[in-house]
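S.K.: Residue-level listing of the chains:
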Amino acid sequence: MASNPIGNTLTLTKIRVRLAMRNRTFLFFSLIMPLGFLFFFVTIFSKNDPVWTAYILGAILTMTVMGSFWGLSVQLVMFREAGILRRFRLAPLGAGPMLASSILANYILVIPSVVIEILVTKFVLHMQGWGNLWAIFLLVTIGSATFSSFGLIVASVTNTMQETQVINQVIWTAFLFLSGATVPLARFPHWIQGASLFMPATYLATGLENAATNLATNGEIITDLIALTIGVLVAFEISRQLFRWEPEAKLPGSAKLWVVVAMIPFVAFGTYENVKGDRLTRIRQDFQMMNRTATAVPPSKSH
Amino acid sequence: MAELIIQAEDLYKNYGEVAALRGVSFAVEQGEVFGLLGPNGAGKTTTVEILEGMRTPDRGIARVCGIDPEKSGSRFKEMIGAVLQSTSLPDKIRVKEAIELFAKFYSSRANTDDLLKRFQLEEKRDAFYSQLSGGQKQRLALAMALVNNPQVIFLDEPTAGLDPQVRREIYDIIEELKSEKKTVLLTTHYIEEAERLCDRVAIIDYGRVIKTGTPRELKHTSAGTTRIEVRLARPVSDGILAHLDGVADCREFDGTYVVHSTRAPQTIVALVKQLETDNNELQSLEMFSPSLEDVFIELTGRRLRD
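Taken in sequence, the protein lines are chains A and B. 1 is the number of the first residue of the first sequence in the working numbering; add one for each residue after it. 1001 is the number of the first residue of the second sequence in the working numbering; add one for each residue after it.
Among the clues, some could well be false.
Straight line, CA to CA, 27 Å or less: simulated BS3-like cross-link-like pairs of lysine-lysine [as the list claims (entries may be wrong)]:
#1 K14(A) x K1181(B)
#2 K14(A) x K1219(B)
#3 K1096(B) x K1124(B)
#4 K1117(B) x K1137(B)
#5 K1181(B) x K1219(B)
#6 K14(A) x K1124(B)
Don't read these hints as lab results, they were simulated from the structure. As the structure is a prediction and not an experimental result, all values here were calculated from the model.
All chains should be modelled from the sequences, with the hints used to inform the complete structure.
M.R.: What follows is the structure, given as structure tokens:
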């Protein structure tokens, strides 16, 4: 198994999962905080409406999955600045296993949070039904990889932790507030709704909200999955190309444009959805229906 | 002649405007412990990191076991072990985990328990990296450098910043490597380290190798001179001391006059007479047999730690 990319990826994944489990800050942000948000949002916004409870679960799952983006970029920059990556560079390892293990470890760590959030919503917050669990699983899997890859790009293009925090803050805020993960998209002015379709977070948020409420067909969710899959492939390759082991190996400011390059697939999807797609129409219709059937059991369009 | 394992030929490296290497050349034979001796900023780390494949030279040839370190990838890394000038690991990794983790990347693996025992880390096997002392961290770095039973080992200032006791422990480990006929390239600015451990030494300064040889050969270049270090109540010009009987060379470093003499007793008598004439006083006087430090001073006009 030695000196082979798959073996090395698995070895690194195992140790990274262990290290994360020993980190109390990580446990707080990945497990405790999303659960806190779940209780808070359900209490404040759902008003015992099972459809809204399921919808909020979708939003919380989105935040949990998107959290990969923030944690990974910070960790990788910290490893690089501390000289930890230099030590790994001496071993017969390429950038590929180092990056792939980040994504895989992150996914393994996201799964328990997702399961706990679903179980708590079902049994403590009385969500009716289970939503489309298969779709949730696929969206969490692909979404986790996509947002991890974005985190890796940010880590690759930033030269210091301070820079990483600033870029993360900007991207995270946009992802969080303009994707429908916190405020339902349908509540925004139409031009913001149109702009949100250029963001990867929107595909994850609408996909998970639809899967949790069972309001989407498998075909609709597949579109979200395709968008996220293309996103992960592009983002992973860009991060592999830009990966740096050395703290003093600085990238020029223009390299930050690679973040924009990683968004190209979503620019294409956004353009298509704005021009020919009916995603926004569906989102608005679903939102109206949820408001009308506030206390009714959610209808199922899937299967 | 033994096989050449490490070759550096006319290596040049610039960092922006700063010339770190200006034509470094040397060769290391199989089973040799070779030292790069020089002050901070002399170019030792840059040289070693080029040979480890971590940096690209602007010019020149680097070969380790006949392989270009930069272009050979995994095959090359399987053959070498290295201790970086500063090793960092995640705070929450345990000692045993770190050794096992790095061992898994290689096809040839040393036994983890043997390494823990050899580097006196058995009691710390379950300790987090953040809980280790400086000496323990350095022993772990050495253990990690040997996880793949390497043929060639690069040690970049392995004892820098450690207390004398820990330094001696690490000397013992390097001497073990020497007895196992491993090829070791060691950088240091400690004279005693180079003298005790190295079969041959290259004195490096301002990015150039200025002399290469065994410690004995190098010390012979300052043949027969005794180093006398004196501190005086009032400063005098170097020239006065340089003209005393038997004096081959005299330089002043931070108020201490370092005098190299071919006839130490006569020099001391002459010095005392000179001080009486000048109404000056001797505050301290120490005598040393020739060391690599003297060679360095003679060659560069500076002390190693200037």
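S.K.: Hint by hint, say whether it matches the structure.
M.R.: Hints, verified against the model:
no.	hint	in the structure
1	K14(A) x K1181(B)	violated, 36 Å
2	K14(A) x K1219(B)	violated, 53 Å
3	K1096(B) x K1124(B)	holds, 8 Å
4	K1117(B) x K1137(B)	holds, 15 Å
5	K1181(B) x K1219(B)	holds, 25 Å
6	K14(A) x K1124(B)	holds, 22 Å
Hints 1 and 2 from the list above are not met by this structure, while the remaining hints are.
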